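Chemist: Sequence:
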Amino acid sequence: MLATSLELATKYDYLAEKFQKSIEWLKTHDATKLDNGRYDICDGAFALVQRYATVPFEQIQFEAHNDYFDIQYLAQGIETFNVCLRKDCQVTKEDAASDMVYLSTPEVYTSVTLKPGEFAIVPPEEGHQPRIAYQGKSVDVVKVVVKVAVE
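Taking our numbering, the leading residue of the sequence shown gets 3, the next gets one more, and so forth.
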């Protein structure tokens with residue numbers, strides 16, 4: 003699944019080698035059996051395995067990144083994942099050292115339900131709000147966030 007604008011679909015090469023290697027890594031590694039932490043994939047891409055319980059919408063702020071795409075892959079559980087255009091938000095806080103930009107909640111955003119085996123690719127021009135409890139029910143999740151460097 004890739005939902006984006008035509009402008010962003012043609013701006014980046016989503017079939018570049020580092021994206022292909024990232025997808026192959028996800029296919030060949032069972033994240034539910036991996037420890038939390040960082041796993042290097044190739045030059046320009048690494049995976050972060052995470053475990054957490056999803057939370058209500060109000061507890062999670064929209065975020066974005068300047069230096070990396072996110073491939074947000076769900077290995078276990080279910081969560082709502084919201085996506086918006088950064089230009090529709092105000093920056094509320096920025097931490098350049100960790101490549102985190104926190105954003106205000108936009109007036110318009112798109113919601114996607116991620117189930118095991120599904121992912122969303124988020125470019126730097128988009129904000130996202132992960133970890134949301136699907137239909138308000140908190141569940142335990144195993145997620146891999148693959149960070150792919152912007153060239």
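Everything labelled a hint here was simulated from the structure, so no lab data went into it. Be aware that a few hints might be false.
Calculated lysine to aspartate or glutamate pairs in the DMTMM-like style (CA-CA distance at most 20 Å, straight line) [to be verified]: (1) K89 <-> E109; (2) K149 <-> D37; (3) K95 <-> D42; (4) K95 <-> E120; (5) K149 <-> E60; (6) K95 <-> E65.
Note that the structure is predicted; figures quoted are calculated from it, not measured.
Chemist: None of the hints should be skipped; say for each whether it holds.
Modeler: For each hint, the structure was consulted:
| no. | hint | result |
| --- | --- | --- |
| 1 | K89 <-> E109 | holds, 11 Å |
| 2 | K149 <-> D37 | holds, 17 Å |
| 3 | K95 <-> D42 | violated, 28 Å |
| 4 | K95 <-> E120 | violated, 29 Å |
| 5 | K149 <-> E60 | violated, 25 Å |
| 6 | K95 <-> E65 | holds, 9 Å |
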